[in-house]
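Colleague: Residues per chain, in single letters:
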Amino acid sequence: MTVLLEARNVTKVFSSGGFFKRKKTVALENVSLSIKESSPSITGVVGETGSGKTTLARLLLGFIAPTEGKVLYKGGDLQRMSRDERLEFQREVQVIFQDPFEVYNPFYKVDHVLTTPVAKFHLARSKTQARKLIEHALEAIGLQPEETLGRYPHQLSGGQRQRIMVARASLLKPRIILADEPVSMVDASLRATILENLRKLNQKFGISLLYITHDLTTAYQISDNIIVLYQGSVVEVGDIELVIKNPQHPYTQLLVASIPVPDPDQKWGQDSTPVLVSKTSAKVNWGCKFVDRCPFGMPICGKDPPPLFQTDGYRAVRCYLYKDASVIAGNAIGKDVGPKR
Amino acid sequence: MKADILQVRNLRVYYQTSLGPLKAVDGVTLSLKPRERFGLVGESGSGKSTLALALMRLTKPPGYIEGGQVLLDGLDLIKASENEIRKVRLAQIALVPQGAMSSLNPVMRIKDQIIDGIRDHLKKMPGSALEERMHELLAKVELKPEMANMFPHELSGGMKQRVCLAIAISLSPKVIIADEPTSALDVVVQKQVMLTLGQVQESLGVSILLVGHDMGLMAQFVERIGVLYAGKLAEVGPVREVFKEPLHPYTQLLIACPPSLEEKGQFKGIPGLPPLLLNLPSGCVFHPRCPQTTSRCSVKIPSLKEVYPGRWVACHLYTEVKR
Numbered sequence: 001m002t003v004l005l006e007a008r009n010v011t012k013v014f015s016s017g018g019f020f021k022r023k024k025t026v027a028l029e030n031v032s033l034s035i036k037e038s039s040p041s042i043t044g045v046v047g048e049t050g051s052g053k054t055t056l057a058r059l060l061l062g063f064i065a066p067t068e069g070k071v072l073y074k075g076g077d078l079q080r081m082s083r084d085e086r087l088e089f090q091r092e093v094q095v096i097f098q099d100p101f102e103v104y105n106p107f108y109k110v111d112h113v114l115t116t117p118v119a120k121f122h123l124a125r126s127k128t129q130a131r132k133l134i135e136h137a138l139e140a141i142g143l144q145p146e147e148t149l150g151r152y153p154h155q156l157s158g159g160q161r162q163r164i165m166v167a168r169a170s171l172l173k174p175r176i177i178l179a180d181e182p183v184s185m186v187d188a189s190l191r192a193t194i195l196e197n198l199r200k201l202n203q204k205f206g207i208s209l210l211y212i213t214h215d216l217t218t219a220y221q222i223s224d225n226i227i228v229l230y231q232g233s234v235v236e237v238g239d240i241e242l243v244i245k246n247p248q249h250p251y252t253q254l255l256v257a258s259i260p261v262p263d264p265d266q267k268w269g270q271d272s273t274p275v276l277v278s279k280t281s282a283k284v285n286w287g288c289k290f291v292d293r294c295p296f297g298m299p300i301c302g303k304d305p306p307p308l309f310q311t312d313g314y315r316a317v318r319c320y321l322y323k324d325a326s327v328i329a330g331n332a333i334g335k336d337v338g339p340k341r
Numbered sequence: 342m343k344a345d346i347l348q349v350r351n352l353r354v355y356y357q358t359s360l361g362p363l364k365a366v367d368g369v370t371l372s373l374k375p376r377e378r379f380g381l382v383g384e385s386g387s388g389k390s391t392l393a394l395a396l397m398r399l400t401k402p403p404g405y406i407e408g409g410q411v412l413l414d415g416l417d418l419i420k421a422s423e424n425e426i427r428k429v430r431l432a433q434i435a436l437v438p439q440g441a442m443s444s445l446n447p448v449m450r451i452k453d454q455i456i457d458g459i460r461d462h463l464k465k466m467p468g469s470a471l472e473e474r475m476h477e478l479l480a481k482v483e484l485k486p487e488m489a490n491m492f493p494h495e496l497s498g499g500m501k502q503r504v505c506l507a508i509a510i511s512l513s514p515k516v517i518i519a520d521e522p523t524s525a526l527d528v529v530v531q532k533q534v535m536l537t538l539g540q541v542q543e544s545l546g547v548s549i550l551l552v553g554h555d556m557g558l559m560a561q562f563v564e565r566i567g568v569l570y571a572g573k574l575a576e577v578g579p580v581r582e583v584f585k586e587p588l589h590p591y592t593q594l595l596i597a598c599p600p601s602l603e604e605k606g607q608f609k610g611i612p613g614l615p616p617l618l619l620n621l622p623s624g625c626v627f628h629p630r631c632p633q634t635t636s637r638c639s640v641k642i643p644s645l646k647e648v649y650p651g652r653w654v655a656c657h658l659y660t661e662v663k664r
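Chains as they are written, first to last, in this note's numbering: chain A, 1 to 341; chain B, 342 to 664.
Some hints could be false.
Dumping the calculated BS3-like pairs for lysine-lysine here, alpha-carbon to alpha-carbon at most 27 Å [stated by the list, open to error]:
| no. | chain 1 | residue 1 | chain 2 | residue 2 |
| --- | --- | --- | --- | --- |
| 1 | B | Lys-428 | B | Lys-515 |
| 2 | A | Lys-21 | A | Lys-36 |
| 3 | A | Lys-245 | A | Lys-323 |
| 4 | B | Lys-428 | B | Lys-374 |
| 5 | A | Lys-267 | B | Lys-585 |
| 6 | A | Lys-132 | A | Lys-204 |
| 7 | A | Lys-24 | B | Lys-485 |
| 8 | B | Lys-585 | A | Lys-245 |
| 9 | A | Lys-120 | A | Lys-245 |
| 10 | B | Lys-585 | B | Lys-646 |
| 11 | A | Lys-267 | A | Lys-36 |
| 12 | A | Lys-267 | B | Lys-481 |
| 13 | B | Lys-515 | A | Lys-267 |
| 14 | B | Lys-465 | B | Lys-452 |
| 15 | B | Lys-428 | B | Lys-465 |
| 16 | B | Lys-374 | A | Lys-267 |
| 17 | B | Lys-464 | B | Lys-515 |
| 18 | B | Lys-515 | B | Lys-481 |
| 19 | B | Lys-420 | B | Lys-374 |
| 20 | B | Lys-428 | B | Lys-481 |
| 21 | B | Lys-646 | A | Lys-23 |
Honestly, the hints are just simulated from the structure, not real lab data. Remember, predicted model here, so these are calculated numbers, not experimental data.
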């Protein structure tokens with residue numbers, strides 16, 4: 001089974017500050033994941049603000065280089081690609097960003113974001129062919145070409161603009177689409193349509209999706225498997241049904257319990273988890289990163305960082321509560337753990 | 342039953358545009374009882390935030406208040422003089438703004454930002470009392486005393502939102518307007534901030550108008566809910582009843598919309614797009630998207646009427662309750 005995109009024990013450290021007082025921030029620590037060529041899947045990546053979601057996306061896109069570890073596309077290191085390989089990578093791995101306002105240049109018509117990739121990757125031989133290709137891509141996601149083409153970004157709604165980005169991504173017939181919070185800035189009623197579009201891309205065209213979000217409910221709706229990040233580490237990974245319906249890591253449990261249920265008869269319980277004191281007070285912690293908020297903290301949690309324990313066939317949890325289960329090596333995620341189908 | 346603390350009568354807030362007035366809030370009537378938690382939901386562009394700002398008379402040009410009344414404990418805020426309204430803001434009606442991140446002054450310490458408003462209203466308060474009040478407020482919103490000396494960039498989003506909450510309650514107002522107070526926070530922090538808001542509301546006995554678009558959050562927090570569509574109220578009622586049996590077709594779609602952890606399947610969106618406020622459809626503003634539209638809907642504008650006790654809906658499908 002060939003692996004398309006793979007992160008192998010990736011760590012990213014950002015340093016800031018002056019020459020003598022350098023401050024180091026570990027944005028991502030020893031994260032591995034792989035997207036296989038066969039069986040196109042949707043992987044959800046969830047975590048709170050600052051958990052390293054976007055850093056992971058930028059690493060996988062090759063925008064930044066990992067401090068340790070490697071990101072590989074079809075077996076080749078992203079940082080050492082030849083020009084042709086890079087071009088192939090840029091066509092086959094597409095991205096949809098969070099903000100449908102900032103990705104457009106307000107001085108150009110929206111056609112610009114669609115015609116540029118067609119020209120760059122020589123997808124069409126003539127202008128009419130290019131136009132047809134673009135119209136086809138727009139229709140596939142339920143947009144009317146005559147209502148969208150020839151307009152300026154400010155004349156379209158946020159939902160329409162985001163759907164044009166989905167069309168642009170699909171235009172290039174990619175193998176993988178990375179969607180970084182694609183629906184967090186659009187309304188609930190349009191959110192559904194965009195997620196449906198993404199799911200169609202996966203099912204109809206066999207495109208694998210990495211769906212990065214902080215919203216567990218939409219991740220549950222769309223994904224096959226899920227990666228839960230907490231302060232740069234994978235805390236739980238595996239089949240979506242298992243992780244959401246029966247979360248094992250205390251942090252995942254907290255996340256699931258915090259979702260406001262749209263039912264007045266099903267109230268939030270009172271919260272026993274301590275409020276995080278200050279983001280600057282996060283001291284160097286040798287053990288588990290969640291220990292100061294964890295209701296099940298044990299002495300060992302403060303000493304050694306827990307490894308990933310494989311609690312059942314399709315899931316791994318980074319928590320000593322499951323220390324009887326077998327430990328899996330970090331880079332096995334996506335090989336041993338994954339969706340059942 | 343006590344008298345309403347806040348009454349909004351036929352409030353109209355328009356924006357001046359080159360194509361004529363844009364009716365962002367068009368004839369909204371609602372009331373808040375003392376100690377009540379009222380939720381206002383709607384899609385973006387439905388006029389939620391415009392309404393929230395107009396209640397404090399903070400509407401800025403090109404927006405203007407075309408007409409109507411906002412009665413806070415008997416005082417009409419629309420007619421009040423600039424001096425009167427200055428005294429009322431924060432002291433009696435306070436706002437928790439949408440983006441806590443950007444509403445705090447980055448070069449002022451937290452304590453100075455909290456004290457600022459109090460000092461403006463209570464000019465004679467001595468410094469030591471101010472300091473004491475500030476620490477009380479920090480404790481109320483569950484922030485550590487040492488945060489008083491910090492700057493906003495040293496705090497996380499949830500903590501900044503708590504600071505905004507502390508400022509809002511600094512003079513024990515009667516009404517707090519919370520405009521999407523948690524939209525920029527993740528679920529865990531959102532829950533903690535909302536629980537704090539709830540505790541503060543109970544201990545101070547204030548009324549809260551929570552503005553937002555998250556139906557889940559509304560179900561968890563409010564007692565009564567109003568659904569805003571294109572600047573008009575489509576439905577108002579007790580939250581439990583509205584969720585159990587939504588009357589207006591728009592509310593029905595809105596409640597079916599959010600994906601849940603219960604069932605996996607087709608995503609349900611609301612077909613069509615929200616109308617352009619400059620070019621509203623005739624009759625009921627929702628009729629082009631409505632699945633239950635009748636011939637009458639495109640002709641006559643439905644008025645908000647009480648169809649069951651306490652349940653108001655603006656839709657031709659229902660007839661007024663006979664008394």
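Colleague: Does each hint hold? Answer for all of them.
Modeller: A quick look at each hint next to the structure:
Taking the CA atoms of Lys-428/B and Lys-515/B, the gap is about 13 Å. The hint holds against a cut of 27 Å. For a cut-off of 27 Å, the pair hint linking Lys-21/A to Lys-36/A is broken: about 42 Å separates their Cα positions. For the given pair, Lys-245/A sits about 21 Å from Lys-323/A by alpha-carbon distance, which is consistent with the 27 Å threshold. Straight-line distance between C-alpha atoms of Lys-428/B and Lys-374/B comes to about 22 Å, which keeps the hinted pair within the 27 Å bound.
This hinted pair checks out: Lys-267/A and Lys-585/B have alpha carbons roughly 15 Å apart, not beyond 27 Å. Pair hint Lys-132/A plus Lys-204/A holds up; C-alpha atoms about 20 Å apart against a cutoff of 27 Å. Restraint check: the Cα-Cα separation between Lys-24/A and Lys-485/B comes to about 26 Å, which is no more than 27 Å; the hinted pair holds. Note on Lys-585/B and Lys-245/A: the hinted pairing holds, with a Cα-Cα distance of about 25 Å set against a maximum of 27 Å.
With a CA separation close to 45 Å, the supplied pair Lys-120/A and Lys-245/A exceeds the 27 Å bound. Distance check on the hinted pair: Lys-585/B and Lys-646/B sit about 19 Å apart at the alpha-carbon level, within 27 Å; holds. Between Lys-267/A and Lys-36/A the CA atoms are separated by roughly 40 Å; this puts the pair beyond 27 Å, and the hint is violated. As the CA atoms of Lys-267/A and Lys-481/B are separated by approximately 23 Å, the hinted pair is consistent with the 27 Å bound.
With a C-alpha separation of about 26 Å, the suggested pair Lys-515/B and Lys-267/A falls inside the 27 Å cut-off, and the hint holds. Taking the CA atoms of Lys-465/B and Lys-452/B, the gap is near 18 Å; set against the 27 Å cutoff, the hint holds. For the proposed pair Lys-428/B and Lys-465/B, the alpha carbon gap of about 15 Å is at most 27 Å, so the pair holds. Note on Lys-374/B and Lys-267/A: the hinted pairing holds, with a Cα-Cα distance of about 23 Å set against a maximum of 27 Å.
Between the alpha carbons of Lys-464/B and Lys-515/B the distance comes to roughly 21 Å, so the proposed pair stays at or under 27 Å and holds. Annotation: proposed proximity of Lys-515/B to Lys-481/B holds, straight-line Cα distance about 17 Å (limit 27 Å). A threshold of 27 Å between alpha carbons decides the hint, and for Lys-420/B with Lys-374/B the separation of about 22 Å falls inside it, so the pair holds. In summary, the hint linking Lys-428/B to Lys-481/B is supported, as the alpha carbons are separated by about 24 Å, within the 27 Å threshold.
A hinted pair counts as satisfied when its Cα atoms are at most 27 Å apart, and Lys-646/B with Lys-23/A does not qualify at roughly 62 Å.
Hints 2, 9, 11 and 21 from the earlier list are contradicted by this structure; the remaining hints agree with it.
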